[in-house]
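The listed protein sequences derive, respectively, from chains Y and F. So the first sequence is numbered by the working numbering: it starts at 5 and just counts up by one. So the second sequence is numbered by the working numbering: it starts at 5 and just counts up by one.
Hints in this document: simulated from the structure, not taken from any laboratory. Be aware that one or more of the hints could be misleading.
One copy or any two copies: either way a pair holds, since identical chains are not told apart in the list.
With a cut-off of at most 27 Å between alpha-carbon atoms, the simulated DSSO-like pairs for lysine-lysine come out as follows [claimed, not checked]:
1. LYS206 with LYS13
2. LYS117 with LYS6
3. LYS6 with LYS42
4. LYS41 with LYS13
5. LYS206 with LYS157
6. LYS117 with LYS38
7. LYS117 with LYS13
8. LYS118 with LYS6
There are 2 protein chains.
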Amino acid sequence: MKKYIDILKRTTMFCGISQNDIDAMTTCLNTSFKDFKKGEYIFRQGEYIDHFCVLISGSVHIQSDDYWGNRSIISEVRVAEMFGESYAVSGSSAVMIDAVATSDSTVAFFNVKKLMTVCPHACGFHNAVIQNLLIALTHKNQSLMQKLTHISKRTTREKLISYLSNQAKLFGSNSFSIPFNRQQLADFLSVDRSAMSNELCKMRDDGLIIFDRNNFTLL
Amino acid sequence: MKKYIDILKRTTMFCGISQNDIDAMTTCLNTSFKDFKKGEYIFRQGEYIDHFCVLISGSVHIQSDDYWGNRSIISEVRVAEMFGESYAVSGSSAVMIDAVATSDSTVAFFNVKKLMTVCPHACGFHNAVIQNLLIALTHKNQSLMQKLTHISKRTTREKLISYLSNQAKLFGSNSFSIPFNRQQLADFLSVDRSAMSNELCKMRDDGLIIFDRNNFTLL
DNA sequence: ATAAGTCTGTTGTTTTTACAACAAAAGGGA
DNA sequence: TCCCTTTTGTTGTAAAAACAACAGACTTAT
Numbered sequence: 005m006k007k008y009i010d011i012l013k014r015t016t017m018f019c020g021i022s023q024n025d026i027d028a029m030t031t032c033l034n035t036s037f038k039d040f041k042k043g044e045y046i047f048r049q050g051e052y053i054d055h056f057c058v059l060i061s062g063s064v065h066i067q068s069d070d071y072w073g074n075r076s077i078i079s080e081v082r083v084a085e086m087f088g089e090s091y092a093v094s095g096s097s098a099v100m101i102d103a104v105a106t107s108d109s110t111v112a113f114f115n116v117k118k119l120m121t122v123c124p125h126a127c128g129f130h131n132a133v134i135q136n137l138l139i140a141l142t143h144k145n146q147s148l149m150q151k152l153t154h155i156s157k158r159t160t161r162e163k164l165i166s167y168l169s170n171q172a173k174l175f176g177s178n179s180f181s182i183p184f185n186r187q188q189l190a191d192f193l194s195v196d197r198s199a200m201s202n203e204l205c206k207m208r209d210d211g212l213i214i215f216d217r218n219n220f221t222l223l
Numbered sequence: 005m006k007k008y009i010d011i012l013k014r015t016t017m018f019c020g021i022s023q024n025d026i027d028a029m030t031t032c033l034n035t036s037f038k039d040f041k042k043g044e045y046i047f048r049q050g051e052y053i054d055h056f057c058v059l060i061s062g063s064v065h066i067q068s069d070d071y072w073g074n075r076s077i078i079s080e081v082r083v084a085e086m087f088g089e090s091y092a093v094s095g096s097s098a099v100m101i102d103a104v105a106t107s108d109s110t111v112a113f114f115n116v117k118k119l120m121t122v123c124p125h126a127c128g129f130h131n132a133v134i135q136n137l138l139i140a141l142t143h144k145n146q147s148l149m150q151k152l153t154h155i156s157k158r159t160t161r162e163k164l165i166s167y168l169s170n171q172a173k174l175f176g177s178n179s180f181s182i183p184f185n186r187q188q189l190a191d192f193l194s195v196d197r198s199a200m201s202n203e204l205c206k207m208r209d210d211g212l213i214i215f216d217r218n219n220f221t222l223l
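Can you make the complete structure from the sequences, with help from the hints?
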């Protein structure tokens, strides 16, 4: 538990909460920690969950495979970020996406009902955490909308420009690395990998970008 | 004010709040109401807002026009639904979408700072509303993800099937009407209108659906 | 070090979409 | 009612993407 505190302190949901209160919270919310090997699922489409998750280490993809096996990567979860909360809070609806570890990972699980109901120990920080959760959710909403603006673009080149320039902005530099390989980037932008690879090279030939593996520079 | 109470009672954010408390809330949160003509903007990309909005009557589209004038309709707001809250809560970031009235509408504005800070009158319902807001946001998140699954589909036909079958599910019947005309549906699904219109007719010829204007039936 | 597996780039073909232009149908005032 | 505007359907062409197949580079494990 102790070794996870440093990560939890960095999360939006525990922003402004003292280390002691975070400690109290983890017992109050029945917090558990679990390790996942690369490729293992944290939860799957169709399941019902009543805990929300925070990524302690590793990396996780939120994705969805359709009937024909086409994969769509909805978002990439980074360390200290939360996931699964939408389904945990409204616990009555089945999860419609998969959460899969893309590298060996550790995940913290928090009981959302215990958070939302009045604490018998009258923990004063419940409300603070709920407010933080609210803020975290608005950020999530914004990044979902951001993603929508990327894949709403009509051509692969426009999608790439939209995504890459957004990454540059987030990274604060025109040189940055992305958390996807080519197949994953294609699944994220909802395009064909080889066509996208082809388009990336054309953009390089046109003098728009340079890249090497996951490292990109916008020119 | 009185005439709006019936709508406010139906919103997720005031779910379980008594009418008297809603009354108190509207004064406590500096609530204002404003009318918009069809085509008028409630807010625009680039603005900063510190109030979140609830649609009292009419209809509103959340949309984004890019540099080249391509319109993307992100979502359709219905009466009693909330919008703009993501930007109001994290008030420091500029709005990156437009909210436009698609018919004559009335909108309620709530001051989000007053909601989030401790009320000098110690309104007991602040926390209840914040919890409701949390739930509303998770629903919103889910519908954004739902929309992502639609437009992640590769072909226009798949996008239409994904959207229409979801509408049928929401409506609880294989006959339903949609809140978009053809151009709006195309902007929502990020495809070309004429190509989509063409595909709809092919689907009808293939015996998948029948339709008349906005009324659809899945076969 | 080597072999097996993965990732990336490349090419040609087929399918699909975007675009443009127009006709028909529906709706809204004067 | 008639005219004007908006909406929807239709068609042909050009552009783009999906798909399939493969070669070379890079990783990883033994």
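Outcome of the hint check:
| no. | hint | in the structure |
| --- | --- | --- |
| 1 | LYS206 with LYS13 | neither (44 Å within a copy, 56 Å between copies) |
| 2 | LYS117 with LYS6 | within (24 Å within a copy, 35 Å between copies) |
| 3 | LYS6 with LYS42 | within (24 Å within a copy, 57 Å between copies) |
| 4 | LYS41 with LYS13 | within (24 Å within a copy, 47 Å between copies) |
| 5 | LYS206 with LYS157 | both (18 Å within a copy, 25 Å between copies) |
| 6 | LYS117 with LYS38 | within (20 Å within a copy, 37 Å between copies) |
| 7 | LYS117 with LYS13 | both (22 Å within a copy, 24 Å between copies) |
| 8 | LYS118 with LYS6 | within (21 Å within a copy, 36 Å between copies) |
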